[in-house]
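Q: Protein chains in written order, with this note's numbering: chain Z, 1 to 329; chain L, 330 to 676; chain C, 677 to 1245; chain V, 1246 to 1789.
None of these hints come from the bench; they were simulated from the model.
Check the hints yourself; a few may be wrong.
To be verified - Straight-line alpha carbon distances no greater than 30 Å define the calculated DSS-like cross-link-like pairs of lysine-lysine that follow:
{"no.": "1", "chain 1": "L", "residue 1": "Lys533", "chain 2": "C", "residue 2": "Lys1055"}
{"no.": "2", "chain 1": "L", "residue 1": "Lys534", "chain 2": "C", "residue 2": "Lys1055"}
{"no.": "3", "chain 1": "V", "residue 1": "Lys1262", "chain 2": "V", "residue 2": "Lys1608"}
{"no.": "4", "chain 1": "V", "residue 1": "Lys1426", "chain 2": "V", "residue 2": "Lys1335"}
{"no.": "5", "chain 1": "V", "residue 1": "Lys1649", "chain 2": "V", "residue 2": "Lys1608"}
{"no.": "6", "chain 1": "V", "residue 1": "Lys1428", "chain 2": "V", "residue 2": "Lys1339"}
This one's a predicted model, so the numbers in the text were calculated from it and none came from an experiment.
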Amino acid sequence: MTGYALRRLGGALVVLLLLTVAVYALFYVAPGDPAKLACGPRCNPGQIQQVRERLELDAPLLTQYLHFLQGLVAGRDFSSGTTVLHCDAPCLGLSYQNSTPVTELLGDRLPVTASLALGAMVLWLLLGVGTGLLSALRRGGTTERVLTGLTLVGTATPVFITGLLLLMVFCAYLQWLPFPTYVPLSEDPEQWAWNLLLPWTALALLESAKYARLTRASTLETLAEDHIRTFRAYGVRERSVVTRHALRGALPPVIALTALDLGTMFGGAMLTETLFGLPGIGQLLVHSVRVVDLPVVVGVTLGTGAAVVVANLVADILYTLADRRVALT
Amino acid sequence: MSAPEETPAAHVPPVPEVTPHQRDAVWRRLRQRPAAVASAAVLLALVLLALAAPLLAALEGQDPTTYHDGLIDSARGGVPLGPYGGISGDHWLGVEPGTGRDLFARLLYGARVSLLIALGATAVQVLVGLVVGLAAGLGHRLADQVLSRFTEVLTALPTLVIAISLTAIVPADFPRPLLLVLVIGLLGWVGTSRIVRARTLALKKLDHVAAARLGGSGPLRVARRELLPALAAPVITYAAVLVPGNIVAEASLSFLGIGVTPPTASWGQMLSTATTWFRADPMYVLLPAGCLLVTVLAFTVLGDVVRTALDPRERSRLRVGSRAARTKRIAAATVTADATREKEAAV
Amino acid sequence: MTSPGVTSPDTRPADVSGAAEDLLVEVRDLSVAFPADGDGDSAVRAVDGLSFTLAPGRALGIVGESGSGKSTVAAALLDLHRGTGAWVGGTVRVAGTDVRAADERALRRLRGGRAAMVFQDPLSSLDPYYAIGDQIAEVYRVHRPDVSRRAARARAVEVLERVGIADAPRRARSRPHEFSGGMRQRALLAMALACEPRLLIADEPTTALDVTVQAQILDLLHDLRAETGMGLLLVTHDLGVVAGSVDEVLVMRGGRAVEHGTVGEVLRTPREPYTKELLAAVPRVDAEPAVRRARASGGEDGVLLEAAGLRREFGGRRNRTTAVDEVSLTVREGEVLGLVGESGSGKTTLGRMLVRLLDPTAGTLRYRGHDIGALTDRKLRPLRSELQMVFQDPVSSLNPRRSIGESVADPLRAAGDRDDARVVRRACELLERVGLDPAWYHRYPHEFSGGQRQRVGIARALAPGPRLLVCDEPVSALDVTTQAQIMELLGELRRELGLALVFIAHDLAVVRAVSDRVAVMRGGRIVEEGPTGEVYGRPAHPYTKGLLAAVPVLDPDVSAGRRALRAAA
Amino acid sequence: GPKDAAAGDGTSAAPAKGGTLTVLNSQPQTNFDPARLYTSGGGNVPTLVFRTLTTRNRENGAAGAKAVPDLATDTGRPSENATVWTYTLKDGLKFEDGSPITSADIKYGIERSFAAELSGGAPFLRDWLVGGESYQGPYKDKDGLKSIETPDAKTIVFHLKKPEGEFPLLATQTQFAPVPKAKDTGTKYEEHPVSSGPYKVAKNTGDGEHLVLERNPHWSEKTDSERHAYPDTIDVKSGLDSAVVNQRLATGAGPDAAAVTTDTDLGPAELARIGGDKELGKRVGTGHFGYTNYLAFNPKVKPFDNPKVRQAIAYAVNRQSVVNAAGGSALAEPATTFLPNSKPFGYTPYDPFPAGRTGNPAKARELLKEAGYENGLNITLAHSTAKNFSTSPEIATAVQEALKKAGITVRLQGLENNDYQEKVHSVDDEPGLFFGSWGADWPSGGAFLAPIFDGRQIVRDAANFNHAQLDDPAVNHEIDEINKLTDLTAAAPRWGALDKKIGEQALSVPLFHPVYKRLYGKDIKNVVISDWTGVLDISQVAVK
Ligand SMILES: Nc1ncnc2c1ncn2[C@@H]1O[C@H](COP(=O)(O)OP(=O)(O)OP(=O)(O)O)[C@@H](O)[C@H]1O
Ligand SMILES: Nc1ncnc2c1ncn2[C@@H]1O[C@H](COP(=O)(O)OP(=O)(O)OP(=O)(O)O)[C@@H](O)[C@H]1O
Ligand SMILES: [Mg+2]
Ligand SMILES: [Mg+2]
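Okay, chain Z solo, but in the shape it has when bound (with noise of 0.2 Å):
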């Protein structure tokens, strides 16, 4: 176990390693230079030329993924043009565009983009497996015809049309849901979850029928199996059968499925942020794209990192506890 653990932990810190050097290595070819663009439109070639060595972007690249390195283990100092400051180990540097630590505008955003993972999470996995099972349950019937097809319809639909259809029915039509503006959980709870409703039915909508589509067919290959006839012999329900019997079947896919999809979204749900308005990670990963802000884009990318690092592992010990005939390798 505690070799498992260590082992687990070494494969971490080798992924978030090679993340940042694959983000360094890829703001290497990627179009786009920082100094031009962190200067502003229309800099003369001297003060890029500053703002590069500001920057510290006139060092070679293996100096400057150094540096990254030195203030992840021990800090950095900047100056602020009138002071220094001190940016405390784990230091992720300062965003090229305005000079703000990385870490802060990591733990801004943060909140904002889990509360609408991880609702979104909830939402989908309740709408996408209780569709998959009742399809499994009532198969061939309309019921099953008519679930299919909504699912269906949901992942067909890009999530900019059918959050901006919510949005207008819901916020512009009937008004029953304010238009979404992100309210911290810890402010006011009621107001958080009410905001969040329409980006997380969003996402729901769009990620539900992997989820239906994927419970439906893994059931019902469960349910041909010989120890689901014994539960049938001994007068179980078919609702429990399917629900209790045949879905602990097919479950280690869907929770791959869904360390995935939460991993992924740690990274930014950018269509959805952006739509709903939510200051998000991915939003925040778009604009420092678009400006090749390097430090801000290898921040999102280690938390995303991290997100689905963390995932997987829950993954792997829930496929553990849900077959225990599978080992923790």
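Following the hints, position chains L, C and V with the ligands against chain Z.
A: Quick look at chains L, C and V with the ligands alone, frame taken from chain Z:
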């Protein structure tokens, strides 16, 4: 104890030939399913329509790129003149807002790119996902570690960053459709691989896998013969729902400059430019969305029937024909069964 | 039958013309056909016009050759064919319910509540994801909704104890894969008993049990019948079990009843030639084996496999089980080592370690001089074809998605044979040798009877031409004639190819018939080992003695007498 | 000429103080530091917090396109040759903390904008002030910039390298806002800049994502005749999708009834819908900002070195299609002149290559034949892949389609936006044909023509806007001459004439001037849209 007279080794049993081979059986069963036939027909029709796009557009007398400034109302944002997005005898499905290009022709031509991606990119995703997932699930602990960590890196890397970097690397004359298939395929296999790995972890503990290993099967053979059939269900199902995402992804890549070059049409692009139009010109949204939905439905239904057809245990539950017809067939079949039994008894 | 009382084997069969309400089971003209390839174009008629009845407190044994339709009849009693695509004809009444006409609710009440079923494949009939105790508790609560969760758990532990699971409170938390074959079989029986059904349909309920536990279980069933008036429908191929446990016997062949009568009549004075054939084929534990192999190249040179200090533990730090404990044994070329022992004593675990499907926790394993105990999978592969195993659970050891022919052909293809025709021919040959129709090559495992699947497993294990074959209960589901056929086949292979066997079985007579040496296991250790004659003739260990004493006998009267003795003890 | 935007109930009711004005924007108000902002006329939200020496006149239409005094008592007193500009501050000017605003604060504010840490502003100060090219800002250069003198706390004097008659227009930019040296926190100043205007920053989260402005108690209406500051609070919410911004403004639920946007135009689809909605139609503000979208040639690249080819393309272009691609005639007006269609810019109508609304492919073919391309011509058009209605694929395909009729085959080269911007503004990598656009830093012909056509403004190693790399002594000389004029009304026609002269060389093909159409909420009163910004001026808006 009754010992047979002749040595069994000398006895050469007849090779079964009457019973159909597994693959043929799957085919036969698929052909008997109306849903399978219908969805396959829809997909085939779409492919044919896409291939015949120039012909059909010529039949209509239009092409996908010509602008018709006269057919749109410039003062009102370029909305098509006339009802239902400007449907007319000349323009069977109306015209595109802002340009007046013929929508019928654009939809048909757009099908080429979009179907290519639906088939190509999804295939790449499934293949790579299967290989990686199986290797991670079945392979040595180290292989699993390496592959799982690699997929984590790929998941966490923002697609946007990769795509933008690609714009700088990919030569301008690299064939765009191929590029799209590769980019969407190679960036989107992680889901498949995680699902495959998860299933494999459970499946590999089963006795029939152990039996196969005893029979001398290496990991490759075990994967192909023991696991793949069981993985088919989730993978096929998942692949079907990947299709819409892939078709839409093409549009966002185009906006980064690694998609198809304008004025080439694609459903994804039509859909993403159409989003704001759904109140002013609903037809413009409904057409590509409808096409996408039909494709997705066809893939889903086909995926489902292929899945059932592949599972022999499901097969005996498939209901073909009416109840009465079934009973009649069974009754008729009993005769043959009786005959077999007589034969058995005689042995 | 108003008072069940102590059933004497001589009692007449229940009056078939008696009032239907009094009868627990009434089957009239039952026919079942399976569509052969899913579309109903051709069909297999598994049961054909069968009629019988069973009164409360009585026991009916159904015997017959493998594939004769016994399990199909059993399943029909609970209408388990509903919705599977099988075609069923005739009427079936169980506990007053016309099961074929019953609606879902009535059927649910019947299933488990009034009539419970123990499946033939106990190893794959339990949900792998839940603890065994929970599964029993769940079905218990289905029929006793008023019972609390906790009480249901307690009930589960109680019934597990009754079927002889040691340390039941702890084992109730185990999942099926942590149970040995026999334990799972008993767990399934416990599930059936938990609901206190009026009718118990037991399909080969003791195939994985050693004789002492088997006797214990049969006694339990007997007692229950006496105490509660439970009816018993016992499907079995073991005529010894039949002799001691039922009132009436129905002999089936090819889906039809061949002979029907009281157990005394049928066993003592069989009318039909088929029944006679069956009885004649029963191996006897006291008979000297007919063929005894002259040891080819005695001495140490002939040692094929040598295990020393093998040990295997399961579980984490807290709930560690030592399944195999310091076992040392040798198997020589062409030799048969019989392995008998208590259910859960570690036979399967040991067998799996011998072919390196399980890694030993400790100990060494040498095969033909190579230390294979620590070889990697890749290094082991060249030796794989020489070390084969017949799995105890024929169901899970066959890929449900591949035709049985392909399963048998698989090792041949894996060995690199590209000639398709030759591979198929060889596979068909093997199928035929284990008594299966080669025409079934393209059928799938679920279309076979228990015994047929077991034979597929044997055919597959033989396919790569092994030098050592570990057989884990290879004939436990086979009727005596088929058993004899298989054993004959194994004998031939031994003679022809010098195949060595490790033969795990609970049927001591069978073990005696084939083994050169016998090892007796208990609690993970080998408690006694020696030449067959010696062990059977002069057992040293008390456990061995107990085993031998518990072997069921064919005479119903002797059986009854023995039970009385056991009850008195 | 530009229509008056303030029709409808926007002006009818008398405005009153109080209430909260909500601003719904797509882009966050990032870098809220006067040194770093690059605004025309002091911007819209920034002008609420930063007062400058001069400011734009807050009036509708062309009247709004001139500079008026703000902190200073007049728009500046030029020396004889307009190289020295002197300003005197008004009395009673205070920062948000109550301390007085002095000329040193203004000087310091300008000096800060030279610091590399605070880059981003317009280049004019660096180009115009004596010593501006080498000054590194107050953090590195403790001595300060010599060419700005503050003889006393009220007076500030600027020394320029050459005559600049448009200096008062430059002095509207936020760099001319006072910054108290003691309160300067360098790069962190933007989180809470010290206000000199009617509002101060109460909250600034997510780098301008959410900005809340509250009244600055030390601002006095008496010293500020331009800003009305009716609402008590201004709540700027950004990061919203443009469709959502417009939907919210249209719906006007709750606080959205008193909402405006400063950066989100109505899209074509929304216009199509609003066309049929009277109530909404009344709430659309229309404005013009000096802006031109054009096809830019790089005459160093073949075949664009050939004037005939350039002319052929100018004839072939179908402006109707291009306008449609840019959102239709409501959002774009076809352009044949480089200067925007507004008096203060010196607009002089001309069309050297009259091709009508839909182009003249026949004439184009003729010219091509003359140029030796009778069998057609293959060219490459670079465009950005961003969705921006000005350099985007839609416009490119419209051009491609039109040129096809003239026998010109256009290969589209879609570039990622950063890549595109770098390429088209690089002297070395500039494509032969691409889309350019230029928005005036202030409403004058000079701000329009000089950066594009002045030979001395060819910038190597940084953003170059002189796409044709035109270095014509005559043009350069005329630019200098006009710049000497301090009477801008006299200067305007001369800019117009210069535009015409350059236009005849076909160095670019003007395509269209965008029109701003923006919705505002039901409760918005006192709508003022000047030709300077083209958008509703929030310093004038009342919500009661
Ligand atoms: N689902 C099915 N589809 C097709 N054939 C089947 C199916 N189930 C059983 N059969 C066939 O029906 C016959 C009877 O099977 P059944 O399982 O009842 O045999 P059994 O008497 O229980 O044999 P055993 O002693 O080997 O368990 C066999 O020949 C078997 O191959
Ligand atoms: N995977 C496992 N995890 C935990 N315990 C196990 C596992 N496999 C077997 N055991 C335990 O090890 C012991 C020996 O099991 P094994 O299957 O070898 O018995 P067996 O001798 O084959 O019994 P049977 O005759 O009933 O099949 C049993 O107590 C069983 O519960
Ligand atoms: Mg059976
Ligand atoms: Mg066992």
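Q: For each hint, tell me whether it holds in the structure or not.
A: Verification of the hints:
1. L:Lys533 to C:Lys1055: Cα-Cα ~20 Å, so holds.
2. L:Lys534 to C:Lys1055: Holds: lysine 534 of chain L and lysine 1055 of chain C sit about 21 Å apart, inside 30 Å.
3. V:Lys1262 to V:Lys1608: violated, 60 Å
4. V:Lys1426 to V:Lys1335: holds, 20 Å
5. V:Lys1649 to V:Lys1608: Between lysine 1649 of chain V and lysine 1608 of chain V the Cα gap is close to 13 Å, so the pair holds against 30 Å.
6. V:Lys1428 to V:Lys1339: holds, 14 Å
Checked against the numbered hints given earlier, this structure breaks only hint 3.
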